[in-house]
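Enquirer: In order, the protein sequence lines correspond to chains V and A. Each residue of the first sequence is one higher than the one before, starting from 1 at the first, in the numbering used here. Each residue of the second sequence is one higher than the one before, starting from 1 at the first, in the numbering used here.
Don't read these hints as lab results, they were simulated from the structure. Each hint can be trusted.
Chain A side only, calculated, beta carbon under 8 Å to chain V, not exhaustive:
1) 176
2) 177
3) 184
4) 187
5) 190
6) 195
Below, in silico cross-link-like pairs of lysine-lysine (DSS-like), each with a Cα-Cα straight-line distance of 27 Å or less:
7) A:18 x A:5
8) V:18 x A:102
9) V:138 x V:117
10) V:18 x A:103
11) V:117 x V:143
12) V:185 x V:147
13) V:111 x V:100
14) A:171 x V:100
15) V:229 x V:66
16) A:18 x A:4
17) V:117 x V:100
18) V:229 x V:22
19) A:171 x V:147
20) A:171 x V:111
21) V:66 x V:18
22) V:194 x V:30
23) V:66 x V:194
24) A:171 x V:143
From the derived model, a few chain V residues whose C-beta atoms are all more than 10 Å from chain A:
25) 26
26) 64
27) 66
28) 69
29) 75
30) 122
31) 123
32) 126
33) 239
No residue lacks a Cβ here, since even glycine has one placed at the ideal position from N, Cα and C.
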Amino acid sequence: MEDIKLSAHALNLWFGNKQVLKNIDIEFAKNQVTSLIGPSGCGKSTLLRSFNRMHDLSPEARIEGKLMLGEMDLYDPANSVTQTRKRIGMVFQRPNPLPKTIYENMAYALKLHQFPKAEIPGMIQSALEESFLWEEVKDELDKPAVKLSGGQQQRLCIARTVVLRPEVILMDEPCSALDPISTEKIEELILKLKEHYTFVIVTHNMQQAQRISDKVAFMYLGEVVEFEKTDAIFQNPVHELTANYVRGYFG
Amino acid sequence: MSLKKRETTDRLLKVVFKATGLITIGLLGGIFFMLLYNSMAFFVRIDPIDFFTGSQWNPSAQGGYSIFPLLVSTALVAVGSMVIAIPLGILTAAYLSEFAPKKLQSWLKPAIEMLAAIPSVAIGFLGIVLVGPGIASLMGLQNGLNALNGSLLLAVMALPTIITISEDAIKGVPQTYREASLGLGANRWETLFQVTLPAALPGLIAAVMLGLGRALGETMTVLMATGNASALPHGFLDSIRTITATIAIEMGEVPYQTTHYFALFAIATVLFLITLVVNLLGEYFASRLRKFHS
Ligand SMILES: Nc1ncnc2c1ncn2[C@@H]1O[C@H](COP(=O)(O)OP(=O)(O)O)[C@@H](O)[C@H]1O
Ligand SMILES: [Mg+2]
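Looking at chain A on its own, in the form it has when it is part of the complex:
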């Protein structure tokens, strides 16, 4: 009787788990299909070559459907924020797990996690009233709402993710590796940089990918704090407008099923593909490194 019951539960759970898995895959597929379907409608009207190579995003004007300035904007803040957040995040994580006294750890860690709880609109606000004007006065600019401002803010937003996941990765490195290295006469720094961090690399890559995903997908902060200029930017001190901000701003006002409407799906598809490639690359490198571990 009870055996039969257990077998039934077993079968039931199998179905439930399969179903949840399928739902996730179905959702992902559905979203991708919707994006693709609407993008097709766009590319029927606008030549893909113009879309990628043009220099203007200005849907109200003729031929103003180039993703290029938006793509450059997105790349600028993504790269800028990662240049700041990757070294800072990984070194903080290393310090927390390898060197920090227990007491410092016990308040620094919750503090970092709190950083992740700040709403993005608040960070954007901080960018407008504090960081942006700071940049402007430091660099002698008219206006500090630019790619640098966005990079700094996104770095702050990506840091908690990068630190938390990197720290787990570093903590997860077997103590025997450290002992092997120290036992051969390496000091703590040599051990950290030549053994512990390389051994944690798969996890560090995962941390960076998630941080990068955060930066690529973040909308409100960049919308508020980067100047909202869809002209092609030439550097970090120019105002920009990312793909995400463009969609957020324009989707609400665009007439249904116009070229402009479909264009927003097209740029969303590009963002989706970029994120996908970033994740796949991360996974590829992570798995290549794993073969060195038993």
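Extracted from the complex, chain V is given alone in its bound form:
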């Protein structure tokens, strides 16, 4: 019935001897926003980062199981990791613009992936417009990106991901370093963009999870305890752990 965009099957992950993800099966539907919630250290970031293969960087990480983007096996050696990361974009917890100008931050990946030179300025403008940033930065595109406010920086990071036209956008607590007004803008942005993209978002903010997500997965000690429609998770959680967590008994 639902069109599955991204999925993990029998996923286990270890850092050294420590098992951080345990037998995870989860499927994310196309053009939906799924939130991952759960106490700190339960493996949310680790799960998120296994989809765009960020663990390739840590030699101590060991992964078992199957991760799929549509019909494509993400860890099949025949698939290039750079292409995978172009199709599965990521926005990090702290805004991390590169130490370059605003324009160069946007153009960086377009040049790497060899988009035609003539199209780059137009692509940058539309991505900045879609990210509600164009009006604020159009006159200062050659300013260092770090001169922007935290919220603007994070929208720049989203725009820089969107400009590549990925299929999935992963976000790891994208608002945790932002003030409430910036947070609201970013939530609005996610709700608008989900028409074109599939979102998986880690959040610690229960209100945010309710406002933006179609489905919510509650994780605990490396396992997905419950994965349901947002209303179900917050109104009628099946598991006691979920109930205690969403009611704020522990965090």
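Take the given structure of chain V and dock chain A with the ligands to it, following the hints.
Expert: Positioned in the frame of chain V, the structure of chain A with the ligands alone reads:
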């Protein structure tokens, strides 16, 4: 009681720190003043235009007080050594911090630091018996004691400084920059050359400046291994004599307060000013780049 004690210590330390700072500045100022004062005595006797534009350093002859051949010699080995040491040093540092397996790192790093502990006289010796003859036979020259020999040796001497400081600079680049770049689909090389190294540039410039300072100021090695010829050199295969070597050789024998004596102060002042400008330029570029970082 104890509060009062702490306040006294506080005040005392303030004075101590101020004093140490002032001593450093005082020393620097004193040295500069001494150099300048003695140079003035030189320029009273010799026209500065002749000093800079002449072509001979030959104090025993009439009008042989031109810094030009010494300056060209110094520039040759400084540029030559940096052409070798900058790419080699920065790439080694990048390899060490970004790609090398932990095990290789753990013995390569001490090995590089040991290189800095070799006395310059030993490097000069190596230049005379090994590198110089090597150059001579490779290039079919009579004599390998030339600017190329000096450049190679100075490069070796500048490398540990450049590698160690560059590596710190590269390690200091926030991991979030690398993640941002990789997350956008850049590979490790694109990330290194387009993000990590540019982000480390202020530190890399500092590394290069210190390496260059080492090369400009080094005396014993170039004195031993570059042929000791104060004629105007025409390329890297000519023998040379740097400013530092000239001062070291001649200062011991020159009669006190003669023109020749003051001339050595004049060339020392020029070297001091060059080093100063090199450092100020480095600092200027470093600070211009820093505004891109939060
Ligand atoms: N690179 C790593 N090396 C070793 N352990 C790690 C690494 N990254 C995360 N961990 C561990 O994995 C567990 C899950 O971390 P994480 O996924 O960041 O949790 P969450 O995002 O849910 O707070 C934690 O216990 C953390 O210490
Ligand atoms: Mg996390």
